[in-house]
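*Asks:* Chain by chain, the residues:
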Amino acid sequence: MTGLPDRTEAKLGLVIDLDTCVGCHACVVNCKEWNTSGHGAPLSDQDPYGADPSGTFLNRVHSFEVQPESGCAQVTHFPKSCLHCEDAPCVTVCPTGASYKRTEDGIVLVDEGDCMGCGLCAWACPYGARELDLAAGVMKKCTLCIDRIYNDNIPEVDRVPACVRTCPAGARHFGDFADPESNVSRLVAARGGMDLMPEQGTRPVNKYLPPRLKGSVEAQLEPVAEEPKGLLAWIDRALGAL
Amino acid sequence: MHPAPSVIFFTAFSGLGFGLLAFLGLGMPDVSGWVAFAFFFIGYALAVGGLLASVFHLANPKNAVKAFSQWRTSWLSREGVLSVAALLIVAPVALGRMLLEAPGQALWLGPVGWLGAVLSLGTVLCTAMIYTQLRAVPRWNMRLTPALFLSNALAGGALLAGQVRLAGVLMLVLGAVQIAAWIKGDTRFAEAGSTMETATGLGPIGRVRLLEPPHAGENYLLREMGFRVARKHALKLRWIALGLMCALPAVLLLAFPAGHALALVAVPSHVAGLLAARWLFFAQAEHVQALYYGRGPAKV
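Note that the protein sequences, when read in sequence, are chains A and B.
So in numbering that gives the first Met the number 0, spot 36 of the first sequence is number 35, and the numbers just go up one at a time.
So in numbering that gives the first Met the number 0, spot 209 of the second sequence is number 208, and the numbers just go up one at a time.
Calculated from the structure, these hints are not laboratory results.
Keep in mind that a hint or two might mislead.
Pairwise CB distance ranges, derived in the manner of DEER restraints [what the hints assert, rightly or not]:
1. B:Asp29 to A:Asp110: 33 to 41 Å
2. B:Ala215 to A:Gly169: 24 to 32 Å
3. B:Ala215 to A:Gly239: 34 to 42 Å
4. A:Pro167 to B:Ala215: 16 to 24 Å
5. A:Val21 to B:Gly202: 16 to 24 Å
Glycine included, every Cβ here is placed at the ideal spot set by N, Cα and C.
For reference, chain B alone in the conformation it holds in the complex (with noise of 0.2 Å):
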C-alpha cells in the first residue's frame, strides 16, 4: 500500500497523543497547575494534529463531517465518533487538573480521567480496526494489528507522560508484539490464499501470468495499492524501526535514572522508530488487487 505521509502521522501522532491522554486521564502522573497545562497540551496537540493530518489524505473533504454518521457499520466512522468523544471527555480532567487548588480532592475527577482513558484507547482501537478488518490486505487482516496499535499507544504514552520505568517495561512488550506482527505479518498473504489463479478464476486450467496489463501507464490502483518496497532495504529498515522505537528508549529507561535529559533522547528516538515502523506497516502490505497486475506479495 501507498505509504501516504498523512495516514502515516495521522496513526503514529493520534496513536501517541491518545495513548497520553489515557495516561494523564488516570492520573498519571499527578499534576496540576502549569505542569499540568504542559502535559494536556502535549496530549490534545498530538491527538489532535493527529487527525487533523488525517483530513489532508481526503479527496473531498467539504464531506468530512458526515464521517460521524455510520458508526454502526464503519470503524472510520468509529473512530471519528470516539475520538471527539475521548477530546470532550478529557477536557474537564485537563482544565480540573489546571485549575483546581487540590485536583486529588476533586472527587469527580478519578471516574471521569477513567472513561477518558477509556475512550482515547478506545479511539486507538478503532483506528487499527479499521485496517484489521480490510480482509484484502491480508498483513494487516490480524489480531495482532490492534495488538500493535494499542502496545504502541501504551508504549509511547508512558513515555510521554514521564512513567520511566512502566514505559520501559511496556517498549520491550512492544517490541515483542512488533516482532511478531512482522512475523506472522510475512505469512498472512499465503495463508489468506488468494493468487492469480483464484483472481482470474484461471487456476484449473493451469498457471496463470499477465500478459498485458489493461494499460501502459499508472493509475490510481497502481499509485494506491501496487506499491512494493525492496527487499533488502525492508529489513534494514525493521532492524532500525525496532531499535530506535523499542530498544534504545527501552535501555534509557530502565538501566538510567531518571531524568528530562533522559527524555530528550528517548521520545525522539521513539518517534523516530515509530515513523519507520509505520512508514514500513503501510509500505509492506500488499494488497490482493495487485494479483490482476501480475504483482504478487513481495518475498521477506
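Bound-form chain A, shown alone (with noise of 0.2 Å):
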C-alpha cells in the first residue's frame, strides 16, 4: 500500500509562476476555506483569536529577497503546498498505510481513517507541506482539491483547485503533466519551469516558473539632460547669481 507505483496513468499537478504571484495569499485563504469543509478532517486552528494564534494549512506564501551579484535585490513570492512528488519519501515511510500515491492521477493523499498521527511523513517531506491537525491528530495535506477536481455537481470551471480558481494574478496553473501537450506541459517548456531541491531526489510533480530579472538600478536612473533648459535654466542662474 505505501509502496509508490512504478507509474502514475497521469501526473495531476500545479504549475506556479514566481514572475506572476503577487503575495496576496488569496490561495491561502481559499484553500483553507475549501478545505477545512471538504475532504475528511477540518483544518483546525488552536487559539484563533488570542495572543498565540496557529493553525493547519495546505498552502502558505513565504516572501524572499534575492540579490544577485549586481544591481537592486528583487522581492519573489513564493507559494508553497504538497509537490504531489513521483518519489514521495512522505508514502514509503508510512507505517500504517494511511498515506498512499494515486496510481490513476499521481495525487498524494492521506487516508484519515488509517492515520495514526505519528508525524513521520511531515519528518519525510522535506518541503514542509504536511501538517499534523491538532484536533483531529491525523495528518493534512494538498489533496490537489480532489472533491472539486472530479465533481459533476459544480459548473466545469470550478473542477480545479480552489487555489488555481481564487488566483486573481493568474500565477497558478493545474494540468496534467504526463500530457506533453497540456497547459502546463507546455508552460514548463517555454518558460523553463523547475523542480525545488532537486538534491533530494524527490521528483516533484509540480512545477515552478522562475521570476524574469529586473533591469539594473543604473540604467533607469541614467541623467535625462546634463544641462538645465527653460524656466530650470534661469533659476539655476538666478540661484547662482545669489
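Fit chain to chain and form the complex, with the hints in mind.
*Replies:* Next up, the structure:
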C-alpha cells in the first residue's frame, strides 16, 4: 500500500508562476476555506483570536528577497504546497498505510481513517508540505482539491483546485504533466519550469516558473539632461547669481 | 528537530532494554531462578516501557495497531513487527531460565536465545533506520546513525547484563562512535547541498534571504522541525553526555573490581549520559524545510 506506483497514468499537479504571483495570499485563504469543510477532518486553528494563534494550512506563501551579484534586490512571493512527488518519501515511511500515491492520477493522499498521527511523513517531506492537525490528530496535506476536480455537481469552470480558481493574478495553473501538450507541460517547456530541492531526489510533479530578471538600477537612473533648459535654466542662473 | 521527551525515552530505553535482552538471549550472564527473573524483568520493563513511551508521541493512537501492516516499505512498521517478534521469542527463554531445574542442559535454549538476540538487535537497527532514512534531516542520514544506536544498545545492554569488562570495552567503542557521529554529523547539512537557493530555485538569480514568513506566529512545522540549540550549550552538553555515558562507566568498569556498588554508579551515569546524548541527537538535527523559514543549519 505505501509502496509507490512504478508509473501513474496521469501526473496531475500545479505550475506556480513566480513572475506573476503578487503575494496576496488569496490562494492560502481559499484553500483553507474549501478544505476545512471538504475532504476529511477540518483544518483546525488553535487560539485563533488569542495572543498566540496557530493553525493547519495546506498552502502557505513565503516572501523572499534575492540579491543578484550586482544591481538591486528583487522580491519573490513564493506559494508552497504539496508537490505530489513521483518519488514521495512521505509515502514509503508511513507505517499504517494511510499515505498513498494514486496510480490513476499521481495525487498523494492521506487516508485519515488509517493515520495514527506519528508525524513521520512530515519529517520525511523536505518541503514542509504536511501539517499535523492538532484537533483531529491526523496528518493534513494538499489533495489537489480532489473533491473539486472530479466533481460533476459544480460548474466545469470550478473543477480546478481552490487555489488555482481564486488566484487573481493567474499565477497558478493546474493540469496533467504526463500529457506533453497540456497547458502545464507547455508552460514548463516555454518558461523553464524548475524543481524545488532537486538534490533531495523526490522528483516533484509541481513545477515553479522562475521570475524574470529585473533591469539594473544604473540603467533606470540615467540622467535625462546634462544642462538645464527653460525655467530650470533661469532658476539655475538666478540662484547662481545670489 | 523538536526533542520530544516521548521519542527520547522511547529510543533510549527500548535500546537499553533490547540490548539487555540480546545478552540474556545469548546466555550472558548464565542465570536461573529468581536472578533470571530480575534480569528478564528489567529487560522487558525497559523494552516495553520504551515502546509504550512512543505511543505518547502519537496524535491518534487508536490506529496504532495498523502500524504493523507496512513492513514492506516502512522502517517504523518493521520496528513494530520485529519488536513484538523479539519479545515473543525471548519469552520462552526467560521462562525456561526462571523455571527449569538446570537451564544449562536444555538444548533448545541456545538456538532460541540466539534468535531472540538477533531479533532484539534487529529491532534496534530498525529504530535507527527510521532516522537514518530521512534525507530531509542530513545529520541523521548517514551510516554512523545505525552504528551509534547499535553500539549504544550493546554497551548499555552489556552494562545491565553485568558483563563488566566487556561493557567497559564497549563503552570505549560507543564513545568513539559517538564522537565520530558528532564530527561527521556537523558537516552533513552542507554535504547534502540543500540551501535557501536550491529550496526556492532562485539560486541562479542570486543570494536568497527570507523577507517575510508566511505567518507571524508559530506553526506545527516550526514547533516540530524548526528547533535550534544554542551553540555554546550544545558543546558543553556533548562533553557532559560523553563523560557520563562513556568515560565514567568505562573507568569504573575497567579499573575497579566488579561489584554491585560499581553498578550503582555506572548505570545511573550511563543512563543520564545517554539521555543527554539522545536529547542532542534530536535537538541538533536540522530539517531542510526550515530553509523556507530562513533557518539554515546552526554552527557548531
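*Asks:* Going through the earlier hints one by one, which of them does the structure break, listed in rising order?
*Replies:* 1, 3
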